[in-house]
Every structure is written in C-alpha cells, then in structure tokens.
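*Asks:* Residues per chain, in single letters:
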Amino acid sequence: MARNLSMKDAINEALDQEMSRDPTVIVMGEDIVGGSGSPGEDDAWGGVLGVTKGLYAKHGDRLMDTPLSESAYIGAAVGASTCGLRPVAELMFLDFMGVCFDQIFNQAAKFRYMFGGKAETPVTIRAMVGAGFRAAAQHSQMLTPLFTHIPGLKVVCPSNAYDAKGLLIQSIRDNDPVIFCEHKALYASETDVPEESYTVPFGEANIVREGSDATIVGYGLMVHRASEAAETLAGEGIQCEIVDLRTLSPIDTDSVVESVENTGRLVCVDEANPRCSIAADIAATVSQQAFSSLKAAPQMVTAPHTPVPFSPALEDLYIPSAEAIADAVRKTMAP
Amino acid sequence: MNDNVFPLGKEELLKAYHTMKTIREFEERLHVDFGRGEIPGFVHLYAGEEAAATGIIMHLDDQDRIASTHRGHGHCIAKGVDIGEMMGEIYGKTTGACRGKGGSMHIADLSKGMMGANGILGAGSPLACGAALAAKTLGHKGIGMSFTGDGASNQGTFLESLNLAAIWNLPMVFVVENNGYAESTSVDYATAVDSYADRAAGFGVPGVIVDGTDFFAVYEAAGEVIRRAREGGGPSLLECKMVRFFGHFEGDAQTYRGEGENEYNRENNDCLKLFRARVTEAGVVDGGELDAIDSEVLAAIDKAVEEAVAAPLPGAADLTTDVYVKY
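So the sequence lines, in the order shown, correspond to chains A and B.
Here this note's numbering is used: the first residue of the first sequence is 806, the next is one more, and so on.
Here this note's numbering is used: the first residue of the second sequence is 10, the next is one more, and so on.
Simulated from the structure, these hints should not be mistaken for laboratory data.
Treat the hints with care, as some may be off.
Chain A stretches covered by chain B per the calculated footprint, using a threshold of three residues with CB under 8 Å from any CB of chain B [stated by the list, open to error]:
#: 1; region: 849 to 856
#: 2; region: 866 to 874
#: 3; region: 882 to 896
#: 4; region: 918 to 924
#: 5; region: 952 to 964
Keep in mind it's a predicted model, so treat the numbers as computed, not measured.
For each residue, glycine too, the CB sits at the ideal point set by N, CA and C.
Excised from the complex, chain B in its bound form (with noise of 0.2 Å):
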C-alpha cells in the first residue's frame, strides 16, 4: 500500500464509501420494489448524488442541525438515520423513524440532527437558519445546513434565509445542488444566472461552486465553509453540480432528458465510480476492501427492507395521536 495522498486517514475513507454506498443501494432497491408496487405513495430518489451529502455531512456530528429536501434518502443515510427505520417509514410501518405518519418525504431524527425531508421546496432554508440562531444563542459550536436543490433555489425562502442568515452572522451553510433540473426544468430555463453561486455574492456571503461527483472536491469544499461557519464567520453558500441517475420521482419516464444522457452519465459521472477508482488507483485502498463494504452494505439493506415488510402497520388508535404534545 501506498502512503494516503488524501485528506481524510484510510479507515474515513472506507466509511466515506460505506455511507456512498449505502445510499445508492438504498435507492436502487426503492427503484425497483417501487416498481413492484411494493411502496406506497411515491418517492424521490437521491443516486447519482452521493458524494454530496457524503461529503458535506462527514464534517458534521449531532449537534449540526440540517433541514433537507423531498429528496432527503441521501442526507438522512449521511446524518447517521438508521436505514432500518427509515425502510419502515417508506413502507408506512410502525417501525419506521416517524411510526409511519411521515413518509419518504418527512422522515426525520432530531436526535441525529435530521430535522427533517420536507415536501415544501425550499422551507428547510429558514428552518435551519433557526438552527443556527439556537446555536448560537445557546453557545454551543453546533451549526445550521440548508439543502435545496436548484430549484428550490429559486424559492423567496432561500433568498430571504440567506439575507437573514448574513446579516445576523448565523453559523450556517446553504447547500445547492444543482442537478440540472428542477422536476422535468432545465436549470438553464428556469434560473437567471449561470451559477447559483453568482448569487452569494449579492447577500455579502462567500460563493464557492464544486464539483459534486468528487468526493474529495466537495469535502475540501464543505470543510472549508462549515469551518467558517464554526468560527463565527457567518453563512456561505456552497453549490454541488451533480447528476440525478432517475426521474424526478419514480415513474418519471423522463421523456425531457436528452437521448443517453442517464447512460451517459452513469458511465462517466458515477461518484462511486469515481471514488473507487481514485482510492485504488492511489493504491491507498484495495479493491477487495470495497467489495467487501459492498457485499456487508447490501447484506444490511436486505435485511431493513424485510423488516419493513414484516413490520406491522399502524391502526386506528394512531391516527389521532401525536399532534399536540397536549390539548
């Protein structure tokens, strides 16, 4: 084995993988028990953009709040969600990390500083400014992440949050992720600038755009800017270009792609790809070691997604509960 040419030591690089790997097998199982008509409701799928949340949420522990997106699979793997839990909450189960009552689009761990998927594009921006002005008010060193994708990105809250979270100094990191469509709109239709990290500048915070499918650019990235945030240097905003490998939802049949875009990109743009490539090529890894995380990984989703089919249902005495704390 080579010396480590990377930042992080051998045993966070092959946790790194874990969790990038764990998302996408998690997704590619929902793609396909979805299209067994196994999971209700409908779902949001976060593969191809694994290095993202990866690399981003490594900086973070439990005290870091961050509020995520309809496509929050990926953000709630990286934040330490239990996988189990989170099959349960997609199958509807009383297992699941919302007994049921949220769903794909609202799971949440607050104990794991998961504040929640959200179903309302680009309502997470203010909410974690919130998180950020707690933590900051009560002193403690924890911070505050938005998700939004480009989309959402055009949404008044994320522009408000942002002018908000500058002018009050907030430990804070509004993440973009740009995947090039918002739903079936292409990023060039509905956006008016070229990047949306153009736009920092305009809220007086930094603006730094990285490359989403490297691992290691967008953890240097985020460790910089999460890094600021700590210290007391306010907001910044941090844009991800990424690639979505499905549909807006599943069952999206995606007909506004261009013709082998989604192959196209699983060839050249896949992180995982990219990452294990890099690792073994550095000779800091063995291939065998990854293969073996791939093996223990889909070993684990196997295991959640037969325990969410087994788990029972809620009844009727839980459709009441749980909406006041008292009343």
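The following block holds chain A by itself, in its conformation from the complex (with noise of 0.2 Å):
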C-alpha cells in the first residue's frame, strides 16, 4: 500500500527494509547514529539531518557511528564489501570526497577490472549533494560528473521518494560500487511510496512529462525546475517533454535520444558546473546519436563556472532556475 512520503522517511525505509531482509547488511557514517558514547541518548541525532534516525533501535551495532576519518571508514566500507558484507557508508556531504577518494576511485572502483573480474565490490556509498542551504563552497556542490567520469562506480541521484526508495534498495542489492546523491532540498518532497520493498532499476530514466516541441533533460532537484518551466512554457503554447535520468551511470541516453527525435529540440539541465557535465555529456551524445532531428542547437542550463556562493542573494543566482531553463527552451524554438 501506498502512502505520502518524504524522500527522506523513504530513504530511511530502504535501509530499514534493507537490514531486515539481509544481516550483511551494514550501515557506517559520521553521526549516523549520533551521540554515540556521550552521556545522553543514543540514537541522539540519527544522521546530521536525521535520515538514519530510529534505525539503531532496530538493528542495534550493525548501525555504527565513524570517527572523523572519512578515508578509513569508507575504504573499511570498501574493503568489508570484497570480504561478504554489503555496506552502506553515509559521507555525510559529497563534498567531503576530497579527503577519502582514493579509496572510491582508486580502490572500489577499479577491483573488478584490476584483479580480472574476480573481484565484486558491493558497497554503496551514500552522499547528500546541491545548494540551497546556505551552506557555501564546501557543503553544497553537485559533484555528480567526477564520478561519472570514473568507469567501475555507478551514480544514482533521484529526484523525489519513490524513486529514491527504490534506487537505494537496488544500489544495496547491487554487486557493483554505487555512488548514492541525495539532494538536501528534496528531503521534504513527499510522494506515494508503496510500504512493501521494490527496486528502480538502474539505466532506465523516467519521462515525467510528455511533449512534443522541446526535450527537457535533468537529474535530482532539476527535475523540479524544469516541471516548473514546463508548466510556463505550456501557457506559451510550447509542450515540453521532462527526462529525469535518475542514474547518471549507467546513463540511458536511448531514451533521451527517442525524445529528441520526436521534440527535435534539447535543453540540458544540470546543477553541476558546465565544464565535463553531465549536460555537456547527454548534449554531445544527442549531437552525435541524433543530429539530423535536431531542429536547433541543444543549450544547456547548468551552475556557472564558479564555487557556490555563500550570500543567499548570490546562492539563488548560482542555482539554475525555471525561468533560465523556459528561456533555453525559448532560445530553440526560435526561428
């Protein structure tokens, strides 16, 4: 049965669902459970934000709180995965994978190919990313492209609950290592998420809108600015078709270029910076797979070139927006 839920109540129902069903299953992270030999409540703050609260009392030391030391616990998260285990490392930020990539890029990502596909790495490594916090240049960046890049790592971003249920318990069951972005602003949105476990799979993405004048391609909170331009740009008379593409890799670029055959226009839209986004991928591949539909250049919408902005006024600047992704749209359908 379905019922409203936050991305947040659902991610914590994944890893509920999760634990129950699998004793190898782990759950690592700084704060995750919190509070975690001080004086008062266990289970004090259940994530920096709450997400693993509740779950200690239920599954006990199979929840464990971090020292902060990123690199050892998420290369013990990784090490534990090639030795039967099936952990889940919370980093807290995405940004905070500056001080243990190594062992994501170096090490869980290139077992399988190093060792001759012997080796299975199944660890999920979950992150929030995106501004809109206010939290400035270390605490809000999209950094989704930097691990695309890496062959080995899956990355996965949804952009509301059902979906991030799903995709999280696939990224557990899965044998490969898995990148998990959560965005702190879609933490609240709330959808139907049914009770009983189920997985998204990865490499599908989800057309969220159908249309037939311009092609709307994006990822987490995107998706919302682009529904929102949609909505405006309907008033236009101008029917926009919405790609949420859920996982970033594996991507499915078929279904982006289906659309694009059929709309002939491209806007891509990514809150990362522009330089080797994920924008400029899903462009560059549009432009190479379906060039002879393309009815006008594909624009993308993506953060400027620069960190993020701490002053709210810069910070809101810094985030695309509907009406920048409508005047993209607008920019291809103008003759």
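From the two separate chains plus the hints, produce the assembled complex.
*Replies:* Right under this line is the structure:
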C-alpha cells in the first residue's frame, strides 16, 4: 500500500527494510547513530539531518558511528564489501569526497577490472548533494560528473521519494560500487511510496512529462525546476517533454535520443558546473546520435563555472532557475 | 639429527624455507628478465624481506585477509597465490592471476585471502580494517592484516586506520615493513620518531619491533599479535626492521645508498642465509634437504617463466570486460 512519504523517510525505510532482509547489510558513517559514547541519548541525531533516525533501535550495532576519518571508514566499507558484507557508508556531504577519494576511485572502482573480473565490491556510498542551504562552497556542490567519469562506479541521483526508495534498495543489492546522491533540498518533498520493498532499475530514465516541442533532460532538484519551466511554457503553447535521468552511470541515453527524435529540440539542465558536466555529456551524445533530428542547437542550463557562493542573494543566482530553463527552451524554439 | 629447538616441526621449517626461497628466486629471476627488457612496465622487488612475509603469513589461513603493497610479490607467494598465475600476470598474459589487467602492482587472489597488492601507498590499511570488520560482523575467526612500508606508514590512511581498528576493537594486525627507505628517501629523514612501534601507544594498541631478517623472531612476534587479534584482544602494530636487496623499482641506480651497503646486506643480513645457518647448525635440518628445495624452486620458477612467455596475450575483446558485474 502506498502512502505519502518524504524522500528522507523513504531513504530511512529502504535502509530499514534491507537491514531486516539481509543480515550482511551494515550502515556506517559520521553521526548516523549520533551520540555514541556520549552521556546522553544513543541515537541522538540519527544522521546530521535525521535520515537514519530510529534505525539503531531496530538494528543495533549494525549501525556504526565512525570517527571523523573518511579515508579509514569509507575504505573499511569498501574492504568489507569484498569480504561478504554489503556496507552502506554515509559520507554526509559529497563534498567530503576530497578526503577519501582514493578509496572510491582507485580502490572500489577498480577492483573488478584490476583483478581480472574476480572481485565484487557491493558497497553503497550515500551522500548529500546540491545547493540551496546557505552552506557555502564546501557543503553544497553537485559533484556527480566527477564520479560518472570513473569506470567501475555507478552514480544515482533521485528526484523524488518513490525513486529514492527503489533506487537505494537497488543500490544495496547491486554488486558494483554505487554513489548514491541525495539532494538535501528534496528531503522534505513527498510522493506516494509503497510500503513494500521494491527496486527501481539502473539505467532507465523516467519520462515525467510528455510533450512534443522540446526535450528537457535533468536529474535531482533540476527535474522540479524543469517542471516549473514546462508549466510556464505550456501557457505559451510550448509542450515540453521532461526526462528524469535518475541514474547517471549507467545513463539512459536511448530514452533521451528517442525523445529528441520526436521533439527535435534539447535543453540539458545540470546543477553541476558546466565543464564536462552531465549536461555537456548529454548534449554531445545527442549531437552525435540524433544530429539529423535536431531543429536547433542543444542548449545547456547549468551552474556557472564558480564555487557555490554563501550569500543567499548569490546562491539563488547560482542554482539554475526555472526561468533560465524556460529561456533556454524559447531559444531552441526561435526561428 | 638433534632434538628440535625451534617452535616449528621439521616439515614446517622446510615449508618456511621453501616459501622464502620461492620469493627470493622469483624476484632474482624478475631482476634478470626485467634487465633484459622482457617484462613490461615496472616491478618492485621484495628480495631481502622474505622472512617477514613468510614468518607472519605462516600463521594465517585463507579466511584471513591481507592487504599488500606495491612490493607485493612476497606477500602473494606466502599467502599461497600460484606463482604461475603471478608470472603470467607480470607478463600481462591471459593466464595471469588478473588476466593481465592488473600487473605486478595489483596481483590479487581473494580465494586465498589476498586482497591485492596496491599501487597507492597506505591504501591497504582501511581495506584490511574492512576485512577485519567483516570477520567480526560475520562471526568467523578470520583477521585482517595490512602491510605498509616505512614510507606509507606516514600516510593518514594508516594512522586513521589504527584509530578505527582500536575504537572498534577489530581483529587486525598492522605490519610495518621498515626497510629504511621510502623509495629513495631515508626513514631517518621522513619519519619523526625513532620507531613506528612507538606510534602504537598513541592509539592505545600494542607496538612490537622485531628483527625482520630473523625468521624465528618474526614468527614468534607475529604469532603473539595474531593470536591476540583472533581472540578478540584487538589490533596491534608489528614493525619489522629489514633490508631491501634491490632498488625501489627495477632500474633504480640506488645512488642514495651508502658505499657497499647492498653488498654488506647480502653478506650479513640475508634472511635465507641466516635461516639456513640456524637450522643446519642446530642439526634439525640437513643442508642437503635445503639444497633439494633450492633445485625444486628454481625448476618451478623456470616453468612459471616458460609458461608465462608462451601464454597468449589478451585481445581487443578483453579491453572492455570486467568493469562492472552488470552495467
């Protein structure tokens, strides 16, 4: 039975159900229990934004607070995944990858290939991504392209609670290392979410709105901005199709190409910085595979090539807006 | 033959010698063949350090996991990785332990508990902590063990892992192989304390120093820290002071070494010579028995090289496989 659930609660439920189903699933990270060893309440925080709250009471020591040692505990999660566990390690903010990136891109991502196909590394690394929280340059980035560049990693970024639950369960059951990106601005957003366990497969985009005039491709928070833009444009008689990529590696370019073959126009939206972004990747792929279908040059709407600023006035300008997306679509419609 | 004064039976002594000799001759052969230009890439040789890998890993079984270093051939052989597959890997052939995709620095055999040599210095410590965590969580008696050189023991990953293993009371042993040189840089220059074992106290774990050229000293010290880990006593740090017979990598001119240093080490600090002298002088093993092992090992290595040279190279179809389990 489905009920309305926030993305935060959907993620909690996915972890809960997988820990109940599979005793080899463990969850570790900084403050994911919160209060370990402190004089007050155990499970005081349940994660810095409360995503794992309540799981300690049900699953006990299979949830482990870690010291502030990202290299050590992300590496331990990676190592444990080659030894019979399915760890879910929380990196809190994806920006912290800088501290432990070696364990992700030189170790987890490469074991299978380097060892001639003899290793499996079923580790999931959860982390918050995205701007809008006035958290400035080191807690707000959309670093997805850095991970999609690396062969061996899978990269997931849901836009809603339903997908978050299904994609997280898929990530945990998946036998490859997965970077699971949670947009903090979407934690409170609600959709219908079935109570029972289910998976959303990787590499299958979701057409969240059908339209015949232009294709808007995005993921995470940008899907919502695209929807706002599409509403506005519908009032102008422009019908947009929105493709929510859901997973960025593997990436469903077939659905994007198919959509562009119908609409003839493409706007790629990405909260990441523009160079070598997911948007640039999609624009290049479509230009190569569906050039003859294009009626106008593909457009990219991305964050600028700057760090994320602190001042609310600047941060609001940094994040791609519905207006900017609508303008980009209008540009593709110009004769 | 006299009574056995050693902590191992004669069969085990012969086995230890066989392992050490296999490592030595494997590396000596690579030194020659690399010099002839027959080996692609580059290799880091373990010769001179055999007593450490052998004396420590003899206490382990396949359930115990080790994370090795860039200088990993000795750990692989001691952990039971097939030398034919190792040689095939070093030659980049399909018969290699990693089908030619990893090379010398990435030889792994998870079925033997060998989690991989590693091209990133210090990266193995967190991974081995993961193995120790898995053993603890799954409730088996296996342990995790990481090897780091004196150089990589200055990495944050190593120090963070000591703390993590200590607070989680993991069944873990941190082996520091101190051969005096981080690549070309002396340990006296690069490390602020006189001994790595002293650092263990800073993490609340036991630190032990042992003469890494003395197989028996290593065997005894390793037995103690491994037993402690296996019985739930938590992690330890074991520092082996040892010598590296070759350069950091093959082709290293080693001008940073002292005059006559290598010759002195070969003469006075050769763990194989020391082992042979100990067991024969005690009258427990006959020199002829060791000579027989020498011949056997040389033949096995000749065979491994011949097979590696003859084995097929990977083809275009192999380039893009084994990236993911499923994509």
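*Asks:* Each hint: holds or not?
*Replies:* To see whether the hints hold, each was checked on the structure:
1. Given as covered by chain B, the region 849 to 856 of chain A fails the check, having 0 residues with a CB less than 8 Å from a CB of that chain where 3 are the minimum.
2. With 5 residues carrying a beta carbon less than 8 Å from a beta carbon of chain B, the region 866 to 874 of chain A meets the three-residue requirement, and the given coverage holds.
3. Chain B is given as covering the region 882 to 896 of chain A, and this holds because 10 residues of the stretch bring a CB closer than 8 Å to a CB of that chain, at least three being needed.
4. Coverage of the region 918 to 924 of chain A by chain B holds [criterion: at least 3 residues with CB-CB distance below 8 Å; count 7].
5. Counting residues of the region 952 to 964 of chain A whose CB lies closer than 8 Å to any CB of chain B gives 3, so the stated coverage by that chain holds, three being the minimum.
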